[in-house]
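Trainee: My request is simple: use the sequences and hints to build the entire structure.
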Amino acid sequence: MSDLDSVEELYQQVILDHNRTPRNFRKLEDADRSAEGHNPLCGDHLWVFVRMEGNRIGDITFYGAGCAISKASASMMTEAVKGKSRQEAEELFERFRRLVMGGDGGSLGKLAAFSGVSEFPVRVKCATLAWHTLRSALEGKEETVSTE
Amino acid sequence: MRSAGDLIGISTRKRAEHGFDVERIRRDFPILHQSVFGKPLVYLDNAATTHKPRIVIETVSRFYERDNSNIHRGLHQLSERSTKAYEGARVKVQKFINAAEPREIIFVRGTTEAINLVARTYGRKQVDAGDEVLITEMEHHSNIVPWQMLCEEKNAILRVGPINDRGELLLEEFEKLMGPRTKLVAVVHLSNALGTINPVRRIVEMAHSRGIPVLIDGAQAVAHLTVDVRALGCDFYAFSGHKIYGPTGIGVLYGKAELLEEMPPYQGGGDMISSVTFEKTIYNKLPHKFEAGTPNIADAIGLGAAIGYLTGVGLDAVSAYESELLAHATETIGAIEGIRLIGTARKKASVLSFLIDGIHPHDIGTILDKEGIAIRAGHHCTQPLMKRFGVPATARATVSFYNTREEIDALAAGIRKVKKVFA
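In the order they appear, the protein sequences are chains G and F. Residue 81 in my numbering sits at position 81 of the first sequence; the count goes up by one each step and never skips. Residue 195 in my numbering sits at position 195 of the second sequence; the count goes up by one each step and never skips.
I should point out that these hints are in silico values taken from the structure, not numbers from a laboratory. Heads up, a few of these hints could be off.
Claimed, not checked - Below are the EDC-like pairs computed for lysine to aspartate or glutamate, each with C-alpha atoms no more than 20 Å apart in a straight line:
(1) F:Lys419 <-> G:Glu8
(2) F:Lys417 <-> G:Glu8
(3) F:Lys39 <-> G:Glu119
(4) F:Lys419 <-> G:Asp5
(5) F:Lys417 <-> G:Glu119
(6) F:Lys347 <-> F:Asp165
(7) F:Lys420 <-> G:Glu8
(8) G:Lys125 <-> G:Glu90
(9) F:Lys419 <-> G:Asp17
(10) G:Lys125 <-> G:Glu91
(11) G:Lys82 <-> G:Glu139
(12) F:Lys417 <-> G:Asp17
(13) G:Lys84 <-> G:Asp30
(14) G:Lys125 <-> F:Asp369
(15) F:Lys420 <-> G:Asp5
(16) F:Lys84 <-> F:Asp67
(17) G:Lys110 <-> G:Glu90
(18) F:Lys419 <-> G:Glu9
(19) F:Lys420 <-> G:Glu9
(20) G:Lys110 <-> G:Glu94
(21) F:Lys39 <-> G:Asp5
(22) F:Lys417 <-> G:Glu9
(23) F:Lys39 <-> G:Glu8
(24) F:Lys417 <-> G:Asp5
(25) F:Lys420 <-> G:Asp17
(26) G:Lys110 <-> G:Glu88
(27) F:Lys347 <-> F:Glu324
(28) F:Lys387 <-> G:Glu36
(29) G:Lys27 <-> G:Glu53
Mentor: Shown next as C-alpha cells:
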C-alpha cells in the first residue's frame, strides 16, 4: 500500500462526511446519563448523552470538538448503537476495537470504514474515545447531565 | 584553540547565496539524512526537541569510551579527566549566557527541573500566605504548575498577565500586576506555542524597580537568540540541553550568586555537603549545594559540545537565517486559503502555529507525517493559551538553522495535500 493510499484508506469518504456533518450532534435534553471524554494528549473532548428505554439505548447524542477520526467515530457510533442493549453495545465496542487495532472485528457494517486506523497506531485513541465515553456513561449511574 | 570556522567546517569561500551555507550545516547532523515513508525527512518540530550534530554524539560516546568516571572525589586519572570535562562544560555554559561566574550555573535535568528548583527553594522561603507570583498567559505548563503548587501550599496567589490577539504581552497591564505582595515574576523569553519574543529586559527593569526578582524560562530562546543574562539583569534563567542541539536529561539553571547563596538546598545527598554528622550537615558551596548525587556527567559534557558547535556557527548568523526562513514560511503558508496563523507578534522567532479551516490539527499532523514532514499538533503544553485563542489545538512548524527554504515549500505542498484529502 502506498502512503497516499493509506491516508485515503484512513480518511474514507464516509468518515469525511460524518466529520463534516456529524449525526446526532447535540446535547440530549432528556438524557438520563452522560459522560465526558477527554484525550488530554491531543485535546479531543466530547460528551456522550444517552436516554435508556429499559435495557435499550433509546436515544444517543454527542457533542464536543476533536479531530476528524474522533468526530466521525462518535457520529457513526451513535447511529450504530441506537436501539441496542447495553450488552450489545459493549460487544460492538469490543469488535470495533479489534478492528482499529488491526484485528478481525467481524461484520461491522459502516463501522468497517475505520479499518484504516490500524495503520496509524497513534490515532487508535481518537477512534475509540467516543466508545470509551459511551461505556463510562452506561456504567456511571451517578453521572448526571451537565448543562455546561 | 581552533577558530569557530574550523570547528564546524564552515568556510567563507563556499557559502550559499543568502550567506549561510545550510547544506554544509546539514552534513553535521546525521539524522537529517533519511527517508520517512519514502520521502526525505522534513523535520519541523524543533521546539519539541532539536537534533544533535555529530560533534555532540561523538563527545558523549568518547566520554564513555575514554574518560567515564565519577567526579569531584576520585583520586585517579579518569576521575580527574571527568571532573575537568564536567566543570569545563559549566564554564562553557557560563560564557555562553555571559554569567559572571561558573558557580552561578547549576546543572539540572532540564527547564522543568530548573523552575521547580527555584519554586521549591527560593519560592518556599520567600513566598508566604497572601503573597503573589506573577506569570503570563503564554507560559508553558512547566512555568505555571510549579508556581500553582507553591501558591497552593503557601496560600499565595498566582497572577497572570494578559496578552493581545497577536500573542503579545500587554506590558502596561503586566506592570500593573506587579504589587507590594509580588515575590517573583516568572516569564517565558520565547513562546513555544506562538513564537513571541517577550521584552524580558524591560520586564526585568519594571520588576527590579519594585524590588521583585525575575525568572526567565529560556527553553526556546537559547537556541534562537543571543542570551546575555547580565545584560538582561534577570535573577534566574532556565533552559534545556536537548532544545539547543545537546543531549536530553541535562539542563541549566542560572541564578545570581547572592540569591543562590541564600537559598536552601533543593535535594539532599552526596556531593551537596561539605560535612555530615548525625547532628548537623554543613552544605557545600555553590554550585555543588544544588547538585546532590552523581550528576548527568556525560550529557553535561555533551551540552558543552553543543554550545561549542552553536557558538561556532554563531547565534547572530543563526538568528538572521532563521528569521528569513520564518518570514518565508509565514508568507508561503499564510497565503494558502483557509489558513489562520496563531501568534502574529511583531517580534517573533522560529514558530509558525497555524490552523486550517475545518480541519483538525491532528489530521493535519497525520497526513503531513505520511509526506515525511514532522510537525507538532496539539496544545503544546499551553492549555490556558489555547483557551485564550479559543482553539483546542494548533498545528505547529518550528524552524532551525538546519532547515531549508525547500523544506518550507514541501510543508506548503503538504498542507495543500491535506486540504485536498478533506476537500
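Trainee: Of the hints given before, which are not true for this structure?
Mentor: none
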